[in-house]
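> Taking the hints into account, I'd like the entire structure generated from these sequences.
Listed here are the chains, written in short residue letters.
There are 2 protein chains.
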Amino acid sequence: MDVAHSALAGPVEIVGAGLLGTSVALACRRAGLEVVLSDTSREHVRTATGLGAGRAATPQDQPQLIVVAVPPDQLGTVIADVLDRRGGVVTDVGSVKGAPLAAVADHPHVERYVGSHPMAGSERSGPLAASEALFDGRPWAVTPHARADAAAIRLVEALARICGAVPVTLPPDEHDRAVARISHVPHLMAALTAARLTDAPQAHLALSGQGVRDVTRVAAGDPALYGQIVAGNAKAVAALLTEVRAELDALIAAVSAGDRTGLEALLDRGVTGTRQIPGKHGGPARPTGSVFVSVPDHPGELARLFADAGEIGVNIEDVHIDHDPGRPVGLVELVVDRDRAEHLVASLESRGWVTHR
Amino acid sequence: MDVAHSALAGPVEIVGAGLLGTSVALACRRAGLEVVLSDTSREHVRTATGLGAGRAATPQDQPQLIVVAVPPDQLGTVIADVLDRRGGVVTDVGSVKGAPLAAVADHPHVERYVGSHPMAGSERSGPLAASEALFDGRPWAVTPHARADAAAIRLVEALARICGAVPVTLPPDEHDRAVARISHVPHLMAALTAARLTDAPQAHLALSGQGVRDVTRVAAGDPALYGQIVAGNAKAVAALLTEVRAELDALIAAVSAGDRTGLEALLDRGVTGTRQIPGKHGGPARPTGSVFVSVPDHPGELARLFADAGEIGVNIEDVHIDHDPGRPVGLVELVVDRDRAEHLVASLESRGWVTHR
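First to last, the sequence lines map onto chains A and B. The first sequence runs 811 to 1167 under the working numbering. The second sequence runs 811 to 1167 under the working numbering.
If you're looking for bench data, these hints aren't it; they were derived computationally from the structure. Owing to the predicted nature of the structure, the values given are computational and were not obtained by experimental measurement.
Any copy will do: because identical chains look the same in the list, a pair fits if it lies in one copy or spans two.
Simulated pairs of lysine to aspartate or glutamate, DMTMM-like, Cα-Cα distance not exceeding 20 Å:
(1) 1045 <-> 983
(2) 1045 <-> 1057
(3) 1045 <-> 984
(4) 1045 <-> 1069
(5) 1045 <-> 1009
(6) 1045 <-> 1074
(7) 1045 <-> 883
In structure tokens form, the structure reads like this:
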């Protein structure tokens, strides 16, 4: 194979110039790499090259790395085709890793294929939605199989880093079990919860707070795309859903029987589970607290609040705005390190802001 | 009864000076009403009066309105006791409305009781966590029963408005079915999802994105409190969970059989459900879009971003910050009206910001 070094020097070929493919292309261009692009849609290639994502690929190109960024159902076929046509290392950016690997497991050049999966996306699609910054700071799973070439693995890890992401290396089947648990099953649970709202009277829905909005948010995603993703990871998803059903049965029994101990046992397990999620950037989760600030609804007040928070020196982890254009005051929730919340409240109050925790 | 006018003139008695009770007291004080406080904890009364929430109640007080703000398990007993001792209108602020009403249904003065439920809270508890602004802009359910006095209903609606909330009037059993659907079942679904994380390997959890964080966030709430709430609304919750189980069974069958149509049918219902949730302030939900902005990690940059967004004139509905203190650039997600997103991107880019959608 053609990879002498672990360092990614290019050229990089992108097969499939949609949102993800074009974003990888732009991130590689940002790093100064030569990028060539192909897509069954000439329009996509024209748009992506117009954005500065590289030039159209030719059969004579000799890419060091080929990134396959096509819909889940087509991954196996396209990866096999690229292994036939090109001599470089091949990766893909699909959400499920076992199925495409199985499709090329008997390919004579399978050692040049290492799957990967950047944990980033957008509600939009197509090259116009692409961004060189899409992967900045995100985890990027790299999933070597037993026969993968060591240099090929290092090259795909280098791609993740060049795109600004943090490579997380784990076997394909373990990746699929992981995303079933931290992505696919949560998505399906959100859909099951949201499905209960379809026939609710408007007067009931008027009582909706932030909780139900958070629980159901991801369920707004494209059913056709998530159908492909879940179907491609059916075994791991079904195993977890069967666990959910057993615990749901126990929950229904506890609620129906007035068994407070059984009910609290599940709620306790839920609290423990939320604490397992690491901090946004891989460190241990730090306990956070919320500070609510009443903000007058004129331009510049939000800017003044953030200027004051910056001067106070408390790092803001997240923000939620509850803002009604018809009311004179909006409510801004600042999420900060729990130990710093009291200091922020006191300092903001001393600057004239109305706050509460 | 002693209520000549629908207008709330005071005095207002607060029974239970915890987070909710003291917040109601502070909001009433903000409106200039006389407030008296009682609690089984003298410490709570001392703290609340020290915060300016009113003075300690005496047996000679003749409150126009008594607000019972004690834990769910004690509501029925305390409401009955207050109806015995006082002549004014009585309400409570518990999360479930059928159970306390059933406890006082045969009370000779039940016409003076009208339950209510402000849709606001905090992860903290106790009078020190209270705020006069806790209810600003939130829905506040008012739940009259068949024998409730019309003037008493108007008085409780007036309390909601004086506290800055938006009264939503509906019968107690309908309220309980509504909160089962838009609050209690979403909470339990979040707990079931989070419970799946308890024995996950750290390498799997490292791939966690915003989705699983959102779906599970509410499951971090106090198990003892949510146990009381769910147990108090067992019938409505169990009915909905039984619906969930039927749909989960169908989902497991579809995933296991590779039935893409069945799978997409559930995902479609989920999308429909998310669209049922009204806009934050009761209007129809408007479609939103996200704009991502790379923000250099020095003080003042976030303030500059909001100042620019304010000048551009695009209303920011929500904000998420993905910010790592160790990296030079953070990513800020601005959630705006979908039709305004392109304008915001173009205008921010023209001011030198690096953005993507």
